[in-house]
Amino acid sequence: MKQLAPDFKTIADFRKDNGDAVKKVCRQFIVFCKQAGLVSGQLVAIDGSKFKAAASKDQAVTRKQLEKQLGKLDQKIDRYLAQLAASEQGDDADLNRDKVSEALAYLETHKAELQDELKTLVDEGKTQLCRTEPDAKLMKSGREGTVVGYNAQNAVDEEHQLIVHHDLTQAGSDNQQLKPIAQETHDVLEGGLETLVADAGYSNGQQIKELQFSGYDVALPSNRAVNNQGNGEYFQKRDFTYLPEEDAYLCPAGERLPHKTVSNKDRLHLYARSGCNQCPLQSQCTKADRRWVTRHLNEEALEKATNAATPERMIRRMATVEPTFATLKRMLNKGRFTCWGLSSASSEYSLGVLSYNLMRAINVLGVKGMLARLA
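Going by my numbering, 241 is the number at position 241 of the sequence shown; the sequence numbering is gapless.
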């Protein structure tokens, strides 16, 4: 073809203009893989990984940083104004007033820009912005510290490590991703999803409860504080027995801790009894007059999911989903998008997923087997 190739802008425009179509092709390819027996839905592992945006981290700023920068600018402006005042009184005759005035004008302009950015954040109820790529967010990313980017989500079928569903989000954590990912995966597999495995980052009592109610086997360890006291010398929560018929806890001394109140903010039931200072086991339980024990509003759902998250299943989760991110980051510019904005970056990620799934399918079926099934 005499080195005939599309221009870089042609490729960039294709990714930008056909994001939805590319994602539909990804979805349809999984349907094909299911018909070919490459996807079972018996165990699907979910995980998330941070991918860097095209924008530089230097272009991201938080409300606290803006407020701090404005404070420093005010100090600089005050110093220059003091120098001008001293010059007018004859205390600093050598001062170059033109240069000071020029510096003041620059600082005032910069201050106005920062004030506009801060006002925008306050008005929109946001805590951060990226000047060159507003869609990108500051996110914690393990050993990399903080990155400006997006949170990629993969749902991977264990059978042949095919990515049955993917998404690119602006969420800094995975805490709200479990249910939407599960529902999309269910739709792609046409109801064939059986067991869903994830790590503790997806722990969300309400979403777990709803998925269990819908018939899913959800396996993931809970990510919540344990209601312990002291340095291990006191009784722990596991030493208290829950009495469901009474909605109370039985303490090691045989006393009942009735339900006292609900903390909607922390989504906890609180149980306690007075008179612990008269108990012979107080020195092993609490220094206070009463011992408090908490129970999550969705405790049963969390316990069921945690019990289902056996060590063997968690090892299978890790072996199923985590390698997909390593491969995709190697394919996609070492985990940094070249497209700007969430929509274009999503298209770029979808193309990466489609390429990955094609390679996996060819590795399993072989080129001839793949062509035969596509015919």
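Accuracy of the hints is not assured; some may be wrong.
As the list claims (entries may be wrong) - Only pairs whose alpha carbons sit at most 16 Å apart, straight line, appear in this in silico EDC-like list of lysine to aspartate or glutamate:
id : residue 1 : residue 2
1  : Lys76     : Asp58
2  : Lys57     : Asp135
3  : Lys23     : Glu184
4  : Lys179    : Glu210
5  : Lys72     : Glu113
Just so you know, these hints were derived from the structure itself, not from any lab.
Given the structure is predicted, the values throughout are model-derived calculations rather than measurements.
Evaluation of the provided hints:
Pair hint lysine 76 plus aspartate 58 does not hold up; C-alpha atoms about 22 Å apart against a cutoff of 16 Å. With a C-alpha separation of about 13 Å, the suggested pair lysine 57 and aspartate 135 falls inside the 16 Å cut-off, and the hint holds. With a CA separation close to 12 Å, the supplied pair lysine 23 and glutamate 184 stays within the 16 Å bound. For the hint pairing lysine 179 with glutamate 210, the CA-to-CA distance comes to about 8 Å; that is within 16 Å, so the pair holds.
A hinted pair counts as satisfied when its Cα atoms are at most 16 Å apart, and lysine 72 with glutamate 113 qualifies at roughly 14 Å.
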